[in-house]
Structure formats: structure tokens, C-alpha cells
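> Okay, here's what each chain looks like letter by letter:
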Amino acid sequence: MSSMRAASSCTNGQTGCHFLSLANLFDRVIQHSARMHGISNDLHSEFELYFLPSKNQIGRVSRNCHTSTILTPNGKENAQRIAREELTEVILKLLVAWREPLWHFHQNMAQHHEFNNFSSNKSLEMSDMVHELRRGVQKVVEKMQMLGVISSSLGNLASPEALLASDRAEWRLMNDYDLLYCFRRDSNKIQNYLKILKCRIVPEHRC
Amino acid sequence: EVQFFHQSKWLVLLCIHSTSAPESPRQFDCRSREKETFSCWWEPGSDGGLPTEYRLFYEIEKGVRECPDYVSAGENSCFFDKRHTSFWAEYIMMVVATNALGNASAQFQIPDVMNYVKPDPPVNVTVVVNSSAPSPFLEIRWKSPPNVDVRTGWVTPKYELRVKQNDSKEWKTVDIGAQTFFNFHNVEHGLLYMVQVRCNLDYGKWSEWSNTIFAKIPKHHQLEKYFWIFVFVFSLIPLLTAMYILVLKRKVVKQCLLPPVPGPKIKGVDVHLLKSGQSEDVVNALTGNQNFPPMAAWTEQVEDFLLVSDSDEWLLTDTFASEEKKDIFIIPASLHLGLEIQCGDSTVDLNTWEKTDDSKEETKSNFLNTEPINLPIEKQECLSGEEVSIQPNTSYVDIQQRPTLTDYSRVKEVNGDTILILNEEEIPHGSDAVKVKREVSVPDDYSRVKEVNSDVVFLEKGDSKPIMPHDSELSKGFCSKMIANGYVDSVPSFSVK
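Those protein sequences? They're chains A and B, same order as listed. Here the first sequence is numbered in the working numbering, starting from 1 and rising by one per residue. Here the second sequence is numbered in the working numbering, starting from 208 and rising by one per residue.
Source of the hints: derived by calculation from the structure; they are not laboratory data. All of these numbers come straight from a predicted model, not from anything done at the bench. Each residue gets a CB set at the ideal place from its N, CA and C atoms; glycine is no exception. Hints may contain errors.
Claimed, not checked - Computed cross-link-like contacts, DSSO-like style, restricted to lysine-lysine with a CA-CA straight-line distance of at most 30 Å:
id: 1; chain 1: A; residue 1: Lys122; chain 2: A; residue 2: Lys93
id: 2; chain 1: B; residue 1: Lys412; chain 2: A; residue 2: Lys122
id: 3; chain 1: B; residue 1: Lys365; chain 2: A; residue 2: Lys139
id: 4; chain 1: B; residue 1: Lys412; chain 2: B; residue 2: Lys458
id: 5; chain 1: B; residue 1: Lys269; chain 2: A; residue 2: Lys93
id: 6; chain 1: A; residue 1: Lys122; chain 2: B; residue 2: Lys350
id: 7; chain 1: B; residue 1: Lys426; chain 2: B; residue 2: Lys412
id: 8; chain 1: B; residue 1: Lys365; chain 2: A; residue 2: Lys122
id: 9; chain 1: B; residue 1: Lys289; chain 2: A; residue 2: Lys93
id: 10; chain 1: A; residue 1: Lys93; chain 2: B; residue 2: Lys412
id: 11; chain 1: B; residue 1: Lys289; chain 2: B; residue 2: Lys350
id: 12; chain 1: B; residue 1: Lys325; chain 2: B; residue 2: Lys289
Claimed, not checked - To give an idea of the chain A side of the interface with chain B (calculated C-beta under 7 Å), a few residues:
id: 13; residue: Asn121
id: 14; residue: Lys122
id: 15; residue: His131
id: 16; residue: Arg135
id: 17; residue: Ala169
id: 18; residue: Arg185
id: 19; residue: Lys189
id: 20; residue: Lys195
id: 21; residue: Ile196
id: 22; residue: Cys199
id: 23; residue: Cys207
To be verified - Listed next, the stretches of chain A that the computed footprint assigns to chain B, with coverage defined by at least 3 CB atoms under 8 Å from CB atoms of chain B:
id: 24; stretch: 36-50
id: 25; stretch: 86-97
Just chain B, same shape as in the assembly:
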């Protein structure tokens, strides 16, 4: 019975003070934050009611060593600094729990610390709302965790970010790569968004998500919308009106914008003949089937410019001027071609006139029209000049400067002796041409005129008489008139003797 009592005493003692040896540690985990050092933690088992000490021993390659640092990584941990860290090397870890009553241990294998690389989350995450048109977006920037060494190339962080509306539950995740910024476009006005970023090192484990950054997109002004709708509608009204007018009043508009242009019409010319005909026909159509005499060579082509003066010295006497009001020189542009005024013996061909026509620049524009039209050359008369306005269709020259004008009229024929041959019939309609007078008085200052140049047409001093007396008179008058007034045709075909 004493034995039993003693046994029961022990039992009681045991029940009151239930201590035991510790349990072996459970759960072992390690982590490297920057791929240079690493830490390991274990979960202690029951300590058996007694203060328990934990120690870690590791074996790598050869030899067993003890944990260099139990403190830096917290309780129940071991921190391996750079000197004690070996990558691609296998660690066999043994954690021993010891208390007064015993000990317990567990073994853990770390085949490669590389497998436990898990960085810290990125830092300095900033989100800026960019509200530019047409759609807003978030400018997200961050930095790699500070303990990561990118400089030596030992570590290449890769990032991932995610964005979520405040209300919704689903995140939109974006794979970033190695850059540290991103523009997130899938956002709408007036909503609040949450942004997070994380990283991993060399395809290891992902870090934790960074702190959440909130960003609110400002509301789109509803008024702006209404304003633009308003403007749009109002601008449509004139547009529609314009279209209405255009459609209904097509013809009027067309008339206004594109007035009909009169086709060209040349008297005696058939347009269709021109189009379809041969060149001969064309020429004939234009010249009216005239057979020109063969061309003679130029005798002289001295280009001298004639001085034209308004002074009265050049004018005929007033009596003369007044008396022959009806004498008009009608000078068509065709004068160039058909008109040949010759006061002398030299023979100038009609055709020379044509040539002169080519040298348009030699003519005085205030004297003659520049339009070269091969009008038929007919007998025409010199007329003493009155101011004649010349109609455009006959290309008469508008001479405005003098009370007495010398207009050239069309010359019908030119031969060696005759000069101007005017034809009454050929005076075109609408002109103010007056009947040709055949008698023209001779001016007094011939000598003066003679000095001008050899191209000036002027009458002889009366030595030779032209064959056709009336013509010669005419020519005289014409010439004198011309000279007296200072108008001279600068066409070089004029020759004077």
C-alpha cells in the first residue's frame, strides 16, 4: 500500500506539473528578398511547458554549421547574410528544440535558394489622371524595391499591375515587363479606380501587391455635351436650307455660278469646217479664199520708232481739220495685213503686211489694234480723221487723242504706185466711219516729217504723181494726215522716197 501511495503521489505530481520535451518544429519556409541573402522561419511545436531553445544547423556541401543570425529576421528565424548565402547549392536545415526535458528536431531540405526568391513590392507608386481628349487615361509609375540590385545585371525585375473600379470586384491585370511606367486607358469619367503593382525577379515568386493607389477621373461636363449638340443641330439648319435651295433651284444656281459663255463666231467661218477640215480649208476659211500675190522680199526692215507728239504743229490747220469732219481714217487691225501705204516707187507687197503683222511689237498699240485678222484687202480710202471709236469685232483702232484722226482703212490692193485704197463697202457696220473723202489736202511741213525716219509714210514732195490720181490724192491726204498728226504706222514696210 505504501507503494501504491508513492506511485499515486508521482502521478499527482505529474498531473500538476505537465511538462515535457518540446515537439519538433513544423513548417519550414525561407525567403530571399533580393537574391543575395535569405531568411528561414520555422513554426515551433509545443514547447512542453518549459522554456525551449531553438537552434538551427545547416549543412551545405561539406560540414555542418550553425545559423549565423537568429535575430534579424524575427523570432524562430535564421537570417543568412551574403557571406553565408549560396545559390544553386543545397541546404539541409535542422532545427532543434531543446528544453529541460529533452529535445526534438526536424530536418528541412532547401535544394536551391533560388526557388525562394520573392521580392518586396515596388515602391513610390504614383497615379496621375490625364484628362486629355478624346479619352482619359491613368499614368502609372513606380520604382523597383530599394534592396534590389539592377546595376550588376544580377537581377531583372519584371512587373505586373492591376486596376479595378472601386465598386466592381474584378481586377484588370496587365503584364508590364521590365519598364517602370504604364498608361492605362480603359477608364471612364466620373469613376474611382484602385491601382496596384507587384514584381518578380527572374521568374521567381511574385511579390505582394503594393499599396493601393486611388485615382478619380473627373466627371465629363454634361453641359459641354449639350452645348455641342446644340451647335450641331443649329449648324444643320443652314446646311439643309442650302441644300434645299441647291436642289430646287438647280438651274438658277447653275446660271449664276456658271454663266454661259458665248462661243466664238467669226464671220464667214464655219466652226465645224475648222474642226474637221484640213489646214488648207482652215486657212481659206479664215482668209476668205483670197489668193495672195506671191511674197516679195523685204526691202528694208529698219525698225525705227516714230515720235508721236500731241503738239499742234503736227496737226493740220484748223480749217483743214474742221472742214473734213467726215474724213475718217478707219484703221482696222487688218491694216497690218492688207494695208500698204506707199508713197513712193518702191513696191511693197501685200504680203509684207502680213509679215508686219507678225511683228506685232513694232506697232504702236495706241494706234492700232493688235488683233491680227486677215480681212480681205479691198479698195479703201483714206479718211481724214475724226475720233472714231473702233468696234472690237472689226478690230478697229480706237484713236482718241486728237480732234482729227487719221484712221487707216482697209487697203484693198497694194501695188507699186498706189498707196491706200479704201473701199466704202468694206467699212464695217457699227463703226463711225464716214464716207471716204477722196480729196485730202497736203500739209505744209513735209520736210519735217521726212526727218523722222525712213519708215514714215509720207508723200513725196510732189515729184512723182501716182498713177491713180484720186488715189494719189488720197494717199497724199492720208499720208499727210498721218504725218501731220504724227501718227505713223511703224510698220517697216513703208518706204518713202
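Next comes chain A alone, as it looks inside the complex:
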């Protein structure tokens, strides 16, 4: 909280001041992503009660995820090794990829009455969150570009839909359970990548 106050008192354009507000922005989006992951986790657990898939089923669930084509770092070292721009791009790609599928998922949930209102509200929240989080990360990117932290080569991300134009139809192949499973995994990725990115860019601030 004190850091928030400090940021508000910073009205001039000092670099240190900007870094402080960038750190605050990061904190906010990280909290947002943590919450989003929490909701996806809850929803997935609820679905498991309905579908009861066998624990050791042989079937490559991950293959069904429409975001499998996006190359993502699979651990801490890799996430730290790749360029900041690349990591940021991955985050944005993921967020963009999930906007439509989650929206449709929520529509389906609202129609099917076997799911209670609790789940329906969560699916709506989840859908909204992914949209807001994408806007938040966009703001962070703009700020980073302004500060010169990352290069401006990410300009093409202004319209990230262009990146995934070819993948639009793939998510429709997923069933609801797979969709929740895939999103739970991707939301965890987003959360972790954001944390790594933040500590790489503003390391002294609560890392």
C-alpha cells in the first residue's frame, strides 16, 4: 500500500517515478492473473465432479488445447532466458487466444441448466477477466516501451488478432472439460510468466 501512495505523490516525469508506477502496474496485473487462475481452478474442479474422468486415462489432453501451437517456456530457466519481448509476446498471445473460447463457453453454460448459478457466474467472470487482463498487459507493454525497457518491435501486437487468425476455428473442437483443463493450464502460465517478467524488469520491488 505504501508503494501505491508513493506512486501517487510522483507527479514529475522522473525515471524512478515511472519505474515505481510500472511496478505497481505489474502488481495489479499479476494479482488479476492470480485471481483468474483461481477461478479457472475452481471451475475445473467442479467439472470433474460432473464428468469424473479416470485418473490415468490415456489420451493426450494437451493435444486438444488450441494453444498448443504457441511456443511457451516450460520452466523457470527458460522463462528467464528468453528475451523480454518474446516473453511479453507469449503472454499476449495466450490472452488473445482465450477471449473468444471463454465467451462462448459462458454462453453455453448459461443455456445448460444442469450447472448451477455459481458456475455460471464464474464462467462469466472468467471471460471478463481474460479480456481485462489483456488490456492491463497492453498498458504494461506501452509503459515498458515508453521507458525503453523493451524495444518497440512489439508494435504488431496492437492487433494481436492478426496473429491468431488462422487458429480461430480450432478451439471449437474442444469439449467443455478439455477447454477448462486447457485454460487452467494457460492461466497458470500467464501468471507465472508475468511474475518472472516483473522481477526481470523491476527486480527490487518485492521479488
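Starting from the known structure of chain A, fit chain B onto it as the hints suggest.
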């Protein structure tokens, strides 16, 4: 029959040495302690009586690989170090048991190692009892498990602690969040408590509870309690007594604390008239319906201070002093207003006295009282002075320094020629005023007096006679007395010629 014998031999052989191929492994579980590496264990099935070897193969993304480390995690385990750990990636594990007679395998799917993150419990748990008033509490501190990397933000541990009385069965659990300390307040004196802490990483599985820490709250001294009760009861007694007195002796107390204050009383003044009346009425009430002659302009207002001396030179002769013991100058404060002593031709109005009254600071306080009261000005006489103590209600001046005093008495009327006009009747009660003597002798050192200042009242050197002879004598005497004694009214209205 030989066939049967051979068959039975084989059967016997089989019965004695019952070995078989191993059973496939059961129960597969994995665990990541810090979200960077992970280990997996399986439960072997029956080994079929023969030494059995277990091998693990895993497939991730593409290609099949073998377990990199069978040793670090113990028996029947596989340890995946950082290089071989991929999160969010699916592992297909296959464990193969092989012995001389065959093999068996089982397949296990690990969709995401993230689901198997379970940290070690927190370390360095310390509990300090803080016995400060009013209630004690436990200061609990701990540290994150050592293998967890918080620095890069990759891992955010969250904690939970629980506290229990040694005797009871129920734990009180508290969600902590990310901080590594907590003050637990729900404790009582004289009891023994048990404290445990655990953590999880990014909403994964909770760790095991840490080692139990015991903490005992020291007993509350019973004596202290009794002491305070004792003090309390004893302090109540005087309090109650005081209240008793206050209540029963209300009036006495009231009299003691708040003595009645006498209301102001001015003779001839009606308080109610003052309150309700108009300003004219007020003025009339105070002045006694006197009509003052119109005010004349000040002739001169030179403020000179008169030197007052105790030396005998200023005194009249002893004979004089002794003879006229009864001559007393009574000088009320109203002298300011009503008294006009004039030794000369100049006319000074009564009203000028009023003005002098306003300039209080010019009067000598040892000479005159400062209370300005508009007493009616009446004919008054100069009296030779004796020590007179002046009563407060008439604002007479207390003159104490000389055997012969010149007290001013109230002047009834002032006009150009007369000076002091004393009125016997106006001498207030209670004063030591003696009857006015009308004859006053004249002192010898006039010239001296003359030098003092022009405000000094002194008689002429005998050139002009006042119109009212007795008055003039009086005035002479008065003036002389005044001068002789060195008392002079510093009121500037005095003019001398």
C-alpha cells in the same frame, strides 16, 4: 506312465521354485518440492520371487527417454532435475519391471507437473510469549523452506498456521497470506499451547505441518488480583464518605465553597432602576440629579508633577500643627469631580474636575483615592489635617504620612473666587473628620511653593481677597496647608495667579 511321472516331476519342480514374472507396478505418484524439479515413485508389484529390475521411460512432446536419476529420490523412484523438468507439459510415464521370467509394465499420465507441487514445511518456527498487559499473545515467526526461490518471483509461498491448547483437541487455524510472522492473541494465562505452520506454492498442495512448537503462558499472579481488589475497596470508602458528606451537608459545603457575595449597593442608587432605566436615568441615579453647570474649556492642562517631600520645611509650625488638631482635610475622591480649589481669579468650572477625574493617572495615588464617584459637590471646608483614615465607601483618601494632613473635603461649589467649600453635613459617617475649622493660618514660605509649578494650588500672596472671606481664609488655610505639607493635587485645573 513315464509321461505322467515326468509331468509330475515338473509340477513338483514348479511347486518348490515358484517364481514368476513380476507384476506390474502399482500406484504412481510424483511430487515437486520447489516448482523446479520433481520426483516420481511407484509401488512395485510382486517381484515373482526373482530379482526384479525397474525402469522408467517417459515421453514428453516427442521422443521417449529414460529416467535420468533412479537414486536421488530413493528406491523405486525417479528424480527429474531442472533440465528434465517441463511444466505445463504432459508426461507419459511407463514403468517396466523385469526379471528373469518376464516383465510387466504400467503407464501413468502426468498431465501437468504443476499439479504435483507440494513444498516442504516452513522452517525456523519460533514462538515468543509476550506477556504484556492487558492480555498476552504469541509472537510466531517462521521462514520459507530453503529450497524455494522467492527472488525471481517464480514462486509465491502462502502460509497457514494453527494453534491448540495442549489439552484440547481442536486446532484454531489462521490463514496468513505471504507474510512470515503472526501475533496470535487468543491465549490465556497458565496454559500450554502448540503451534504449527505450513505453506503452499501458488495454490498447489499444502505442505506438511512444521514441527510443533510449545509455548507456555505464565500464570497470572493471583496475589496481584487480590491486591488490586483490596486497593479498590479501600479507595471506595473515602469516596463514599465524601459523597455522604456532600449529600447530607449540602448547604454547609455550599456555603464553604461558594460564599455569598454581597451585591453592589450604592447609596441613592436603585439597582433595578439602573437595569431597566434609560441612560439618562442611570446618570441621574449616580449623580443624584445634579445639574452641572456647563463645561468650560480647559484653560491649561499642563501636567507637572509635584514634588512631595516629607521634610519639615514643608510643614507648618508645630504650634500650628498642634493647635488645629481638629482641622482635618477630608479629601474624598470626589474631590476630583466636585472639588475645585482656586486661589486665584481664574475661573475653573466644576466640570473641569470631572475631566480631571478622567485623567486619573495624573493624581497621586498616595494622596487621593482613585475611585471616581460623582458625589454631590457641596460646601465644604478645608480642614487642617490630621491623620485621617478614609473609609472606602466614601472613597476618602488615606493619608498617613504626616501628623498634619491636609485632606480635601468635598467641594460644594466652585466659582471664580471661591476655592474650597466644605460642608459639614457632607462629611460622611464613619470618617474621622473633624469639624471644619474655618480659620487657617497662612504659612510663611509661599514663595517657595510658588516655584513648584503652576498647577500647585497656593494662595496668593495676599493681594486679592476672595469674595467670601471665610472661604478665602479657608482656602488660604487649605492651600497653605496643602502647600506646607507638600501635598498638592496635581490636577491641572488648579491655577494660580
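> If you take the shortest Cβ to Cβ gap from A:Arg135 to chain B, is it below 7 Å?
Cβ of A:Arg135 sits 22 Å from chain B, so the hint is violated.
> Hint A:Ile196 vs chain B: min CB-CB distance below 7 Å?
Hint holds; A:Ile196 Cβ to chain B Cβ min 6 Å, cut 7 Å.
> Keeping to a limit of 30 Å between CA atoms, is the pair of B:Lys365 and A:Lys139 held or broken?
holds (28 Å)
> If you draw a straight line from the CA of A:Lys93 to the CA of B:Lys412, is it 30 Å or shorter?
holds (29 Å)
> Between B:Lys412 and A:Lys122, is the straight-line Cα distance small enough, at 30 Å or below?
holds (22 Å)
> Given the hinted pair B:Lys289 and A:Lys93, is their alpha-carbon gap at most 30 Å?
Answer holds: B:Lys289 to A:Lys93 is near 26 Å, not above 30 Å.
> Going straight from one Cα to the other, do B:Lys289 and B:Lys350 come out at no more than 30 Å?
holds (24 Å)
> Holds or violated: A:Lys189 as interface residue toward chain B, Cβ cutoff 7 Å?
For A:Lys189, the interface hint holds, since the closest Cβ of chain B sits about 6 Å away, which is under 7 Å.
> Counting residues of the stretch 36-50 of chain A whose CB is closer than 8 Å to a CB in chain B, do you get three or more?
Answer holds; 3 residues pass the 8 Å Cβ test.
> Straight-line Cα separation of B:Lys365 and A:Lys122 no greater than 30 Å?
Roughly 24 Å separates the two Cα atoms, so the pair holds.
> Check the hint pairing B:Lys325 with B:Lys289 against an upper bound of 30 Å on the C-alpha distance.
holds (16 Å)
> Go through the hint on A:Lys122 and say holds or violated, using the shortest Cβ distance to chain B against 7 Å.
Violated, about 15 Å.
When each numbered hint is compared with the structure, violations occur for hints 4, 6, 7, 13, 14, 15, 16, 17, 25.
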